[in-house]
Structures are given as structure tokens and as C-alpha cells.
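Peer 1: Assemble chain B onto chain A, guided by the hints.
Line by line, the protein sequences are chains A and B. Per this note's numbering, the very first residue in the first sequence carries number 1; after that it's consecutive. Per this note's numbering, the very first residue in the second sequence carries number 573; after that it's consecutive.
I should point out that these hints are in silico values taken from the structure, not numbers from a laboratory. From the three backbone atoms N, C-alpha and C, an ideal C-beta is built for every residue, glycine too. There may be inaccurate statements among the hints.
Unchecked claim - Only pairs whose alpha carbons sit at most 30 Å apart, straight line, appear in this in silico DSS-like list of lysine-lysine:
1. Lys131(A) to Lys657(B)
2. Lys677(B) to Lys574(B)
3. Lys657(B) to Lys533(A)
What the hints assert, rightly or not - Pairwise CB distance ranges, derived in the manner of DEER restraints:
4. Ser864(B) to Glu165(A): 52 to 60 Å
5. Leu1075(B) to Glu193(A): 50 to 58 Å
6. Lys657(B) to Asp286(A): 27 to 35 Å
7. Asp75(A) to Ala660(B): 43 to 51 Å
8. Lys1105(B) to Gln28(A): 37 to 45 Å
9. Asn540(A) to Leu932(B): 34 to 42 Å
10. Lys466(A) to Lys657(B): 36 to 44 Å
11. Leu1075(B) to Glu502(A): 57 to 65 Å
Protein chains: 2
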Amino acid sequence: MKIALAQVNYHIGNFEANYLKISALIEQAKTDKADLIVFSELAIGGYPARDFLEEPSYIEACLQQLLQLALFCTDISCIIGCPVKNKAEEGKKLHNAAFLLSNGKIMFQVNKALLPTYDVFDEYRYFEPAKSFACIELQGHKIALTICEDIWNIQKSMYTQSPMEVLMLEKPVLMINIAASPFHYSQAERRIETLEANVLKYRLPIIYVNHVGAQTELIFDGGSLVMLSDTTITAQLPYFEENLQYVDFLGGRNEVILASDNLVTLVDQKKNFSVKPLLSMPELADEVLAYSDLLTGRIYQALVLGIRDYFKKSGFRSAVLGLSGGIDSALVCVLAVHALGSENVHVLLMPSKYSSDHSLKDARDLVDNLGIQMHFVPISSIISSFESSLKADFIGFEQGIAEENLQARSRGTLLMAFSNKFGHILLNTSNKSEAAVGYGTLYGDMCGALGILGDVYKSQVYQLCKYINLKEVIIPTNTLLKPPSAELRPDQKDSDSLPAYELLDKILFLHIECKWGVPELTAHGFDCEIVTKVIKLVNNAEFKRYQAAPILRISPKAFGMGRRMPIVGKYS
Amino acid sequence: MKIALAQVNYHIGNFEANYLKISALIEQAKTDKADLIVFSELAIGGYPARDFLEEPSYIEACLQQLLQLALFCTDISCIIGCPVKNKAEEGKKLHNAAFLLSNGKIMFQVNKALLPTYDVFDEYRYFEPAKSFACIELQGHKIALTICEDIWNIQKSMYTQSPMEVLMLEKPVLMINIAASPFHYSQAERRIETLEANVLKYRLPIIYVNHVGAQTELIFDGGSLVMLSDTTITAQLPYFEENLQYVDFLGGRNEVILASDNLVTLVDQKKNFSVKPLLSMPELADEVLAYSDLLTGRIYQALVLGIRDYFKKSGFRSAVLGLSGGIDSALVCVLAVHALGSENVHVLLMPSKYSSDHSLKDARDLVDNLGIQMHFVPISSIISSFESSLKADFIGFEQGIAEENLQARSRGTLLMAFSNKFGHILLNTSNKSEAAVGYGTLYGDMCGALGILGDVYKSQVYQLCKYINLKEVIIPTNTLLKPPSAELRPDQKDSDSLPAYELLDKILFLHIECKWGVPELTAHGFDCEIVTKVIKLVNNAEFKRYQAAPILRISPKAFGMGRRMPIVGKYS
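The shape of chain A in the complex, shown without the other chains (with noise of 0.2 Å):
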């Protein structure tokens, strides 16, 4: 039995542009003579399709496209998964649902039992989970079919069925899996960890689907993957692109996969990046702060993809962002260059009074090495024609905050003029440890349509501009070397007020991904004074964050949707 993988890149809700691509795939593996083709988790409509879900015009579009498929899958069999309708009159009104359609028409359906309800992860709001589990059988070979979490109780305690446990009374041969399963730097080896556990528990072969591409906030990174029964990797799909890849199942328990010529080498991630459970592992701040080639590459990847996609999901071309001179506007301006190309990439320069004539030089030194268009835009006539206007009423009062943020605002405004006038994205730039103490300002540098480094700590700035530089400078040496500064008062360092990034990020790390508070911190040896003014800082910029851009996903907690905050909540 010959079967695709189809590791493809889906747009949600736009269903003419998926079935062309999933229709082609379909074409293509007939021609090939394959017996099976294997898509992702919720392929028809897209993952995450969020509330379009509970529009019932949506999952009628989704079942005429399923029925569509389904008509065209004569000489082929094909498992796809499509949200559909739950017929029992109790319960959520949707399942998540893989289908085996052949023959022209759906042979099987298997509902999702395991259904992830945490972090970024939405699905109980939707979807009543399967209850009763059935083996769905091709060319009389007994699979286990699943969809994503539904192995991944394995490892995880988070549920209470469990259902490859029962599958497992009709003595499949073979276990299939469809994920939409996005990234984050150390998701790759838990796949495969939870691969392998389930592979030797239940000494079955596994074929895996995940999605590959990025939608909004979620990058999702491919990797699909045919595991023996021995836990050899037999198949690989490529990460962060569409791939369609072949193995022959020979059929039989334990039984051999082949996999095709076209097998892409397994790089063997683990040697470099160990994966320890979180919240008892201080260790692994340490391990995520610290640079690694691994890691920080593939961090690098999963920040192009997700600008890539965004601009070519919502119909755009070319991007716009300031330049400081500083690391982290550095950093975004190489990746988007990357990511669209050097002609779509505009950069403002847009200097005030407080700015120091190295960061002008360092900016223009990015410019020149990156060949990009740069427009240069002082501000200061502006920000005096605010301070005039704000005379009478601030008159008496000590320059401070208020006339800091006029220069932020001041220089939101004109990249949102540039935006405007032009059809430009404005790329925000803000870091994760910025964001989490709140060191920015709303409508100033928090503008934006995508947050680029929302979730990158200044710490994996720094690695990631390194990673950049590797075999050639690109990103100004005294750029990486200059103290951070927000320039937006003489003299001004982050460190005037922030403790060093060093330090700071692993605070931030240990409490916001492994979710300690104050007893913990100090428990482990942190100082309880600057403890308590991190966490603190944490929390009253909760407002702040609220407002702020989309965040690419790159860790296991990201800002954003994934991390759900009261605003006016007082603990810490």
C-alpha cells in the first residue's frame, strides 16, 4: 500500500485556494499511484479557524468541500481532516473530525476525544469530544486513526480517556496520526519523543501529518514523519515547507515502511537540544537563554515563515519599520528582508534631538549592507510643534514620561503615514523582555500590525543577530556592542531602570513560562526585592500588552492568546 504525506500550507476560510491545492495533491498521488493520501488536522477550513466555527454557513462550506473531495477520490483513498456537525442532541454542536473518503464517497469518520484546551488552545470551546473509538480498515488492514493530542496523552495527565488504548483491542497494524501541531523552539523533539512513546507502547509503526505554515500568530513548522516500529524514522518531511512524500507500508504488524527515493535525512535534533518537562527546571531558562546553532536557526526560520505568511495571507507586499540603530529593529529589518525581499522592505530613520550620531551611522550602515530604501524623517519640528501646543497646560509641570512618549508617538504616526500612503505593513519591534516589563509605548514603538520579537527575549536578540553575522556581518558590529537604549532622554540606558538582560530574562523566563511567582524565585536564590519589581512590572503592564500587535509564536508561552491575564487583577 503505497501512501502521500501531504505536509501543506493552508489558508484559513479560503476554500477555493485550499481545494486547488489539496485537489492537485490528490491528482498528483493518483499519478504516482498512490493507494492512500494523508492530510492534516482540520485541512478543509484551516487550523485555527477560531469563531468562523461557530458561523453555520462556514461548516456547511466545509461539508461541501469534504463532499467535493470525496467525489473526486476514485482511484485513491484520502484522510482528511473537517469540522463537522455532532448529530447527538447533546453536547458541543461540532466534532474535529478526520474522514477516510473512498471511492467517491466517506467511508469513515473518527472524532477527536482528546481535545486541547490550554495555552493558545481553544478546542472544548467548539468541539464535543469523542467518546467511543473504532479502527477505520484500507485494503483490509486494520489503522488506528488519530487526530493530533489524541496520542499525546502518553506523556501528558491532562485527560481522562484514553484512545489508542482502546483502539488497541481491534489489533491495528498501523497508526496514523493528523496534527496541527504548531512550533515552538523545543516542540520538534517533544513530537518526537511523543512518537517514539507511542510507537514502543503500543509496537505499532506510525505515520504523522502536521500542517506546515504560519497563521497569524501560530507558525506551524511540518515535520511530518513515518516512525517504525523500532522507532526509526524512516520518513522525514522537511520543516517550515509544503512537502508530498511517498512511503510503501508493506502491510502486517511491525511490518517495514519503505520509504521513497525522495526520504530527506533525519537530522538528529536531540543531541542538541534536550527537552525536560517545564516548572521544575530552572535549568532550562538557562538552556533556552544560551546561544545554540540548532535553536537559534530554527527560531530564525519560524520568524521568516511567520512574516512571510502573514503578508501573503492578508494580501500584502511590502513592509515598513523603523530603524534606531538598536538591536532589535536591526534584527526584524534582516528577517523581512528575508522573508519578502529587499525591494519590499522600507525603513524610516527618524532621529530626534536625543539621538546619538552613532545609532544614525549604525542605521545606515544596516541600510547600505542590506540594499534597502530608506527614508529619513527628523522629528524634532514635530515634537515642538506638540510641546508648543501642550505649553499652556503642562506649563509648571517636570519634563518627563509624557514628553518621552511624544517622541514614540510621534514616530508611530509617521510609519503609519508611510503604512497608510503606500500600502505598507508596519512591522513592530518590541522584545518579549520589553513587553513583559512594559518598557515601550503604546501608539509610540508598540505600533504595528505583526509583532515580530514580541516573544524573542533581548537575550535571543542578541543570539539570533549573532546566528545572522555568522559568515558574514550584516547587522553593524557596534549595533550588537552599544549598551541598549531607548535614546529617548540624554544619556538614557535600559539598564537605568531594568535590571541587566542577563539577569532579567531569566526571571522573566521562570516566571512567565514556568509560571513562578515570588515564593519560587526566592526559594531558588533570586533577590526578593528585584523579584518582587519584575513580577510587578509584569502585571501592571498587563494593559499595555492587551493592546499590542499579534505576536509570532516561537515558545511554549507566548504573549498573546495564549497567555490570558486579568487587567485589573492585583496579585503578585
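Peer 2: For chain B alone, coordinates are given in the frame of chain A:
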């Protein structure tokens, strides 16, 4: 058995403040010789605590407060909600629990079974549902104690369990339901209908205790009550206020509960506003969008409480907003004065060359009527300085959105300067109709910490103004009569680019509240071209709304966390 109903305004995570309130009420109830005092769902810690619930130290703090309160319950029993660890190895880490405290210790724990995970609710994100059920016992009486949604399955079929069905096997004599059930304009009727349905089905009286007070977007309206088994409401606590009331339970099924002296008369609200199921009911749109004293007055009260609590709980006192002379800012201004006092509301008049004379006059009239502080900051010179800075880059391009937005963003920057300088909170004045179709400028008129009208359609804005002006004209008549305009270019009217609000609001209501797509709307006689345009506008504005301020929720479907849409999705 004398029972106290404690309807309390909690502050999420503010353990000290909450403890002071709870313990004082217990003390009061002891003094008044009550046998039992009932607090609402998740009273300990507050609701919704969201991802605070994932912090082990937060859960530990809740437990410590529960234990401390138990010690305090010596001559009285207490029912109170508190999040607590799930001791089982499988399933979610927590339960949403209700405790009976008595004799200085925890006597019973009841876990919530039906976990709302839709709209603004995320309970399955945190809690494992109860699977077994038992009555609690107090003074020899069996009591069916449930938590909020646990009794709502009587009208919905969203769950496959039914706690009350199981509890009835023990033949209880009384139902107690503790809730954290947020306000929307028709929730009071739905709540009473749900309680009636339970009372009639199980032939038991019910004591219902709800939260009161606002937690950023969510406004809890209280309305705790006691309903006899013949559906007579024998005690009704007020809406939108903290309150403590007593009833005497004489024991025995169907026996009468006597309300004590401070019984509040129930307004028969059902006569004025009938509740109908969503989705199948286009008439619902007409009902909500038409004026009624009761409904409008209720929304008015909710918005005032929403503003007041946001300020109180975030530790601020004064507000700033821009007055355009238009109806939205006028309404927000009146609400803010009611919530915060005229001395705490500061307004900016920021005319441009496109501002009409009547706008300035209307704004000044309102300022006079309210006796608030006004600042006059014209923006022409600021706009000029932006335009001259951009001249070199914009030369040869026609004036358009970019220039219009400069005005809105300059105003936003000025308002934020006042906010930063004087510690005022900026109130956002965008209404739901505008927010829906993206008729607003990001970082411009979309600035603000809290969206006061973001869940109020333009038609309802007019209704609220009419309501305010019933006794005396506070909002200038001209503000109500003139055609709406953003005044960003000469002679601009909202109706230039949008359908009339009467039609627009109806389409929006059916699309947003009722989830109707193009097929359903055209099937009901709406013009296909208009409907397609409106829904496309709604979808294309997702990126803007993502960065909007949190919005006070007054409808069953508000923008914000209760409506989660893909940003780069392309379905319409």
C-alpha cells in the same frame, strides 16, 4: 435556619481586600444570628482570575484564605467558592469548587461539572469537571449545592452530564446555586427563566448568589435571589450593588422560605423585555435596537459600574477624553461624570481645519452642562509639521487616508500626553458599529485604556443619549440631530462610506450576535451587495480590533475575548 445571601464585589487576586470584605460579612451575619452565609462562585481569588489560576502560588494563596476563613466559621456555617487542586492523577489540575465551612473546618467540597467554555468563558482551560455528585448536609437538611452553569443545562444541550438529576436521587429539600454570571442586557430574564425552570422541574426552592462588580470587560450585575418552589421570588437583591440579605428556611421540601425585612421588591422585568433564543430570530435585532427605558437604563447602569470599577481596581481616579462635539464622546463624557464625579473628568477639544463651528459649540455646551474641566488644544500646527516632514516622500501622491489619520493620531498623542502627565486614564469612545466595520484610526481615535461604547451599537448610543436627556437636556440637542461625521475632510459624513446606521446595525447584529453569514442574510431579504460589503468590512477589520482597548461587555457577543477570529483568515 437563617441564611444570609452575600452579594459582593471582589477584586481579582487582591486577597487582603477580599478577606476584609468576606470576614466582615461573616461577622455581620454572626451578629445577626444567621446559621449560614452564602458567597458566590470563586469568591476566593475573584472571577475570572484567568491564567493566575495556572500559578501554583496563586492556588496556594486561595487555599490559605479558605483555611483562614474556615477557622473563622465557628458559630456559623459558610458556603463559598474557591479554586482548588484536583487530587486525581489524571485530568486538569484544578477544580472550580464550592466549600461548606463549619465548626472551624471544611465540611464538604462540591466540584463544578458543567464548565462554560464559549464566548468569554474559558473554564475547561483550567478545571476538571466533576463526574460524581452528592448533596451536602446542614442541620439535618440535604441541600443540592451547585455552581452556576451546573443548573443551566435545563435550557441548553451543550453538556452530556446533569448534576441536578443525580443530586435529586438523594431527595434534597433545597437548592443552592452560587454563581459568577456576567451581565448582558437580557441576562437577568434568562437567569430568572433558568431558575424557574429548575424550580418547576425539581419542585424545590432555590437560593441563588451571584457576583456583583466589574472586572475590566466583564460586568457582574448581582441580582441574587431566593425563589420558592412555586417560582415566587421571595427575596431579590439589587442589581449592580453589593448587598447582604437574610431569609429563613423553615425546612422540608416545598416549604416556604420567608424573606426578612429588608426584602427588595422585584421589578417584573420580563414584561418589558422578552427573551428569545438567538440565531433563529431576526426579530431580536429589532427588539434590541429599539428604544426601551428598561433595557437602556440597565445598559446605562452597567456602563457606569464598568467605568467606576475599572478605575477603583486599577488605582486611578481621573479620566481624560477628547470631545469632538459628536454623540459618542458626549455619551462617554456623561457616563464618566456619573461614574467618577465631574471633578475627575477632563476633556480636550482638539479642532482641526475640518472641524465645524457647531462641533465646537456643541462640545462647549456639554462641558458647561456637566461642569467639567476643558482644555483647548488645536491641532493645525501639529498637522502642518507632520505634513512638512512628510512632504519630500509624499510628493506627487494625492491626499487621502494617510492625511486623515494624521489628525486622529495627533489627537490620540495629545490625549495620551495628558494621560501620562496627569495620571488620567484615557477613555475610548469608539462604538460597536464603527469597531465592527473598522471605521476608526488605529493609534488615533482607537486609543484609550477602556472602550466604553465598544459593545454599544450606534443606534443604542442614540438611545442612551435619549435616556440621559429624559429629565433635562444634558447632551446638546444639536449633537443628537446632526448627521454623524468623523470631520477628517471637508463635508465628510459617515453615510458617505457606510449604509445608514439603522440598516448597518441590523446587519451587524445578525452577523455578529446571531452568526448569520451572507446566505442567511440574503435569504431574509437583505441586499446581497450591501451584506457582502459589510461582512467583508467586518472581516478586514479584525487586525484593528485585535489592538483595540478592552471593551465593557453589555451584549451576549461583544468584541474582545468573547469573539476570537483569525486575522489572516479569508472567509466572508
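Peer 1: Each hint needs a verdict: does it hold in this structure or not?
Peer 2: Going through the hints against the structure:
| no. | hint | result |
| --- | --- | --- |
| 1 | Lys131(A) to Lys657(B) | 25 Å, holds |
| 2 | Lys677(B) to Lys574(B) | 20 Å, holds |
| 3 | Lys657(B) to Lys533(A) | 28 Å, holds |
| 4 | Ser864(B) to Glu165(A): 52 to 60 Å | 56 Å, holds |
| 5 | Leu1075(B) to Glu193(A): 50 to 58 Å | 56 Å, holds |
| 6 | Lys657(B) to Asp286(A): 27 to 35 Å | 29 Å, holds |
| 7 | Asp75(A) to Ala660(B): 43 to 51 Å | 50 Å, holds |
| 8 | Lys1105(B) to Gln28(A): 37 to 45 Å | 38 Å, holds |
| 9 | Asn540(A) to Leu932(B): 34 to 42 Å | 37 Å, holds |
| 10 | Lys466(A) to Lys657(B): 36 to 44 Å | 43 Å, holds |
| 11 | Leu1075(B) to Glu502(A): 57 to 65 Å | 59 Å, holds |
The structure is consistent with each of the numbered hints, conforming to all of them.
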